[in-house]
Amino acid sequence: MNDDHDGMHPGRRRFLECMAWAGAGTLWLMRGGIAHAGMLAKGAAAPDATFSFVQISDSHIGFNKAPNPDPVASLRQSIALINAQPQRPDFVVHTGDLTHLSKPEQFDTVAELLKEAQAGHVFYIPGEHDVIGDDGKAFFARFGGGVDGNGWYSFDHHGVHCVALVNVRHLQGGGLGFLGDEQLAWLKQDLAGISASTPIVVIAHMPMWSLYPAWGWGTQDSAQALTLLQRFGSVTVLNGHIHQIQQKIEGNITFHTARSTAYPQPAPGAAAAPGPLQNLPAGKLHDYLGIRDLRHVRGSHTLALTERTLA
Amino acid sequence: MRWRSTIAAATLLPLAIAAQTTASSATSGKPAMTYQVDIRQFHFRPAQLVVPVGAKVTWTNHDEEPHTVTSAGAQFKDSPALDTDDSYSAVFTKPGTYAYFCSVHPFMTATIVVH
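If you read the sequences in order, they're chains E and D.
102 is the number that the numbering used here gives to position 102 of the first sequence; each next residue is one higher, with no gaps.
104 is the number that the numbering used here gives to position 104 of the second sequence; each next residue is one higher, with no gaps.
Pulled out of the complex, with its shape left as it was, chain E reads as follows (with noise of 0.2 Å):
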């Protein structure tokens, strides 16, 4: 099936988030900030791609119980996934949650089998679970401090402008995730000298936007993030922590979090509380997992978005 209407009325938009939430290989083309949807065969490559990169999410190294008893098999087949991509990546963005309790051992895994990834570049930006205990410093240590040693950081790559955010660090009780000032000024500096045509792809391990406060699946000071973000014609944000595809759209920002390689949670309110989903049908675990390809095409400002799972 293919969708090629430019316009797009509210209902139509709200068909594609219920499609990418439902299933993988959906091709996401991203024009403006407007999604674009139709099927993409497994290992197709959109047309007059410039580079693309891939997002993986919540490995969650450590993790030994129910629905996925050994998080280092499902991380290396996401992996074997990216190493089967036809064009291969510039680079894979991991989106936190590295570890399951910030251990050492946890981490020097987690950099051990992303050698393995054919890809220019893996960046890292932490989870919560990733900073237990020492506000990040053995996370820092291993995959970089960023600007400052406060783990944020942006870099460009072939026009794209891409931006690295810790929403993970400081957190207050009662809150969500949180940026905090200091960083914010800097992300403000960061974007000044940078053209509106730019497209830019945020990267933040929480969700930046409400997705489910009562969860803690939100940033408590994102607003302010979107706010230096809404002059750029084209803002792909990607966040992790939910173990699940949801997507919004907020004029030109769209907003896409990840599955997990390791293991899915309840959709928003599904459940009495969050955490792994553990009553999945037999032998149904890989369809709740997998990777994101990214793919970026020159002169239109596009990223396509491809969703594909272990199954």
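It is possible that some hints are incorrect.
Now the stretches of chain D that chain E is said to cover, found in silico as 3 or more residues with beta-carbon under 8 Å [as the list claims (entries may be wrong)]:
1. 65-77
2. 81-88
3. 93-101
4. 105-112
SDA-like mimics (lysine to any residue), calculated; alpha carbons at most 25 Å apart, straight line [as the list claims (entries may be wrong)]:
5. E/LYS103 - D/SER87
6. E/LYS65 - D/HIS62
7. E/LYS103 - D/LYS77
8. E/LYS103 - D/PHE107
9. E/LYS188 - E/THR227
10. E/LYS103 - D/GLN41
11. D/LYS77 - E/PRO104
12. E/LYS137 - D/ASP83
13. E/LYS103 - D/PHE76
14. E/LYS137 - D/SER71
15. E/LYS103 - D/ASP83
16. E/LYS103 - D/ASP78
17. D/LYS56 - E/GLY173
18. D/LYS77 - E/GLY175
19. E/LYS65 - D/TYR88
20. D/LYS77 - E/ASN150
21. D/LYS77 - E/GLY173
To be clear, the hints were calculated from the coordinates, so they are not data collected in a lab.
The structure displayed is predicted, hence computed values, not measured ones.
Don't be surprised by glycine CBs; every beta carbon is placed ideally from N, CA and C.
With the hints as your guide, set chain D onto chain E.
Relative to chain E, chain D alone:
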């Protein structure tokens, strides 16, 4: 193991009521009041626990997810990551209200009141 028996007793009581037993303090040898807080389904239970000065509070995580006991405002020593069935204890020697939360899931908040 002493704490196992304490925890087993706690699970027999309604969740809203803290188990109260006696235990020997390792440092002074004097008996200290010991109280239990259960962490279950992303909640500290009870959410507010009132204890006398000198009480020892033990938290036990019953969830599949790890949690922490993190003092708001660094009023007492934070726990490390508590995996499933891990416990952590703190002794409260001064009167006051001690707010705490889980640093992994900060929407989880609770209070120890020491009088």
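Quiz item: If you draw a straight line from the CA of E/LYS103 to the CA of D/GLN41, is it 25 Å or shorter?
Solution: Between E/LYS103 and D/GLN41 the Cα gap is close to 24 Å, so the pair holds against 25 Å.
Exercise. Take a quick look at whether D/LYS77 and E/GLY175 sit within 25 Å of each other, Cα to Cα.
Key: 20 Å, holds
Quiz item: Straight-line Cα separation of D/LYS77 and E/ASN150 no greater than 25 Å?
Solution: With a Cα-Cα distance of about 24 Å, the restraint between D/LYS77 and E/ASN150 holds, given a limit of 25 Å.
Quiz prompt | 25 Å Cα cutoff - pair E/LYS103, D/ASP83 | solution = 12 Å, holds
Quiz item: Given the proposed pairing of D/LYS77 with E/GLY173, does the C-alpha separation stay at or below 25 Å?
Solution: Given that 25 Å is the threshold and the Cα spacing comes to 15 Å, the pair holds.
Quiz item: Would the pair E/LYS137 and D/ASP83 pass a check requiring their Cα atoms to be no farther apart than 25 Å?
Solution: 20 Å, holds
Exercise. Measure nothing beyond the straight line between the CA atoms of E/LYS188 and E/THR227; if it is 25 Å or shorter, mark the hint as holding.
Key: Distance ~10 Å between E/LYS188 and E/THR227 Cα, so the pair holds.
Quiz item: According to a criterion of three or more residues whose C-beta lies within less than 8 Å of a C-beta of chain E, is the segment 81-88 of chain D covered?
Solution: holds (count 3)
Self-check item: Pair hint outcome, E/LYS65 versus D/HIS62 [Cα-Cα no greater than 25 Å]
Solution: Since the Cα atoms of E/LYS65 and D/HIS62 sit roughly 13 Å apart, the hinted pair holds (cutoff 25 Å).
Self-check item: Distance restraint between E/LYS65 and D/TYR88, which requires alpha-carbon spacing of 25 Å or less
Solution: 22 Å, holds
Exercise. Take the C-alpha atoms of E/LYS103 and D/ASP78, compute the straight-line distance between them, and say whether it is at most 25 Å.
Key: 17 Å, holds
Quiz item: Within a Cα-Cα threshold of 25 Å, do E/LYS103 and D/LYS77 meet the stated pairing?
Solution: 19 Å, holds
Of the hints listed earlier, there is not a single one the structure fails to meet.
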